[in-house]
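In order, the protein sequence lines correspond to chains V and Y.
Note that the numbering used here numbers the first sequence so that position 186 is 175, with each residue one more than the last.
Note that the numbering used here numbers the second sequence so that position 40 is 29, with each residue one more than the last.
If you're looking for bench data, these hints aren't it; they were derived computationally from the structure.
Careful: at least some of the hints might be erroneous.
All copies of an identical chain are treated as equivalent in the list; a pair is satisfied when it fits inside any one copy or across any two copies.
What the hints assert, rightly or not - Within a straight-line C-alpha distance of at most 30 Å, the following computed DSS-like cross-link-like pairs (lysine-lysine) qualify:
1) Lys296 / Lys206
2) Lys206 / Lys(-4)
3) Lys238 / Lys(-4)
4) Lys238 / Lys171
Protein chains: 2
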Amino acid sequence: MKLASLKAGRDGRLVVVSADLAWCADAGHIAPTLQAALDDWQRVEGDLRNLATDLEHEVIPRDRFHERDAASPLPRAYQWADGSAYVNHVALVRQARGAEMPESFWHDPLMYQGGSDGFLGPRDPIPLADESWGCDFEAEVVVITGDVPLGATREQALAAIRLVGLTNDVSLRNLIPGELAKGFGFFQAKPASAFSPVFVTPDALGDWWQDGKLHRKLLVDLNGEPFGRAEAGEDMTFDFGTLIAHAAKTRSLSAGTIIGSGTVSNRGGDGGPGQPIASGGVGYSCIAEVRTVETIRNGAPTTPFMKAGDTVRIWAEDDRHHPIFGVIEQTVAAS
Amino acid sequence: MKLASLKAGRDGRLVVVSADLAWCADAGHIAPTLQAALDDWQRVEGDLRNLATDLEHEVIPRDRFHERDAASPLPRAYQWADGSAYVNHVALVRQARGAEMPESFWHDPLMYQGGSDGFLGPRDPIPLADESWGCDFEAEVVVITGDVPLGATREQALAAIRLVGLTNDVSLRNLIPGELAKGFGFFQAKPASAFSPVFVTPDALGDWWQDGKLHRKLLVDLNGEPFGRAEAGEDMTFDFGTLIAHAAKTRSLSAGTIIGSGTVSNRGGDGGPGQPIASGGVGYSCIAEVRTVETIRNGAPTTPFMKAGDTVRIWAEDDRHHPIFGVIEQTVAAS
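Given these sequences and hints, build the entire structure.
Below you can see the structure in the form of structure tokens.
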């Protein structure tokens, strides 16, 4: 089953979307918003699935689904917690600045509490007041959970995953060192994120969803050029079950919690930093990583951060090259 | 005007509360929940204020208001961002562990993104799975904002304050060093917070609300003994307008954002650490601070963190010693 929220009010209007993303059907008679559906999942899931089946069979009124009309599936959420499960990415960033990465990072997940009071739509511009802040994208896989009890096991956590999607976790790189030095984590360095127009239940992903990981390539284009083609199922040190259980260690998580994988990142064939796509590698899922690799290789970064007018595209494809979750496509706009 | 949410469903049921906290009137015909009221404040504020006036005049149906029936006014919120505005508290903590506090802390607010997907009720037990985590309370002042535009000035931020209240920001002290060392801020160290049963519009606070600060004593009792009597209006380096503007520097804030002051803390009469109440001082608003002072004075802390059965009470009073926001009263329970 695929779900989306058409832009309307603060929380959007819930629709069921056809598998090919061409059509949608209003789900307002079942639940007005995705959050309302998640709040009451046991009661509404069956009705939503029946609606999805009817939509595929073309036996109910349907509308064309236009991704540009979609908000992020949860236009605002009660929780957005982002892990850093591709430890390779963290190791590279540390290596570039000559800092040792603690060995514990390989078995104790990194996670930060993100702002969730308002997300950008998947095709919305990224408002940027100051280019010197160093605007970057981060292409990630995310899941939305149901209620997760305090102290949940990995297995309980996996069973609580309701939907899978993608995010562009916008980051202001040049604000990060100052904030991290203060010791309280990210705040100003993490403005509003955007999510893929469509989120998908794990069962509808078939073999692409296994062991709490999405086994598909994450495609990233920057200004129309291929920038990243990393395999999301590879080099993910912590699967989503482990990330959710980490988040639930000292408190329960409410339905509608979004958990992120952190920037998807693959090692190079030699186990070291990966190569750009132009050099035959799988590229990168954020600018910071290519700058890190440039620093390691050449002593200084050369790829600039995003400026007004730059466009990033983030998506994943089925075997016929059709987007699974729709496409995040955002252009930076001076604000 | 005073507002509360009676326990019901995930978001509570909005009521208007009389100034003396004795009575309440259902506000469901105006807005079903506090979040719904904040989402549509321009439209509903007048109706809510009329209802509050009618309640004071006893011209409408009313019910006894029992604080034990109240949830936190926002039982879950889209954002909870906690500052550390009483820099004296931060300076003491650093001093106790022999770490220099950067001078910038006096003009650049510290703030962390807190979990907001589910809060404890003001009389709910604090679930604690492991006493070795070092369970502490933090008594703070908080505000709830309306929509705040990206890049808001302090004045715009002050004008966006809708309600004022108190919180117990529960902290697991012994999990903090490990999390801060990882560099991503608090996560497991900050389980669910609880808020005062009643929140109050700034105008209803009269002279007690000035310059974006609450000018009342914050009273804290631990196991029935006076523990803290700090003046919330004193030693607050950053007022709420400054804290909100800090939060809105790189992104807008949505209606229903809760901003916290951080632990209220007063300097001693000599400018150094304050004295316990038993020694004639104003005491402390969290256990960590008294442990810090004990460490500075005696080389080691002696006051233990909270254990199952320990009870903390947090409130503020009017001139007749009646609680303004009701009382947070929580007992630690093994979970």
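Against the structure, the hints:
no.	hint	verdict
1	Lys296 / Lys206	within (26 Å within a copy, 49 Å between copies)
2	Lys206 / Lys(-4)	within (28 Å within a copy, 45 Å between copies)
3	Lys238 / Lys(-4)	between (35 Å within a copy, 25 Å between copies)
4	Lys238 / Lys171	both (25 Å within a copy, 17 Å between copies)
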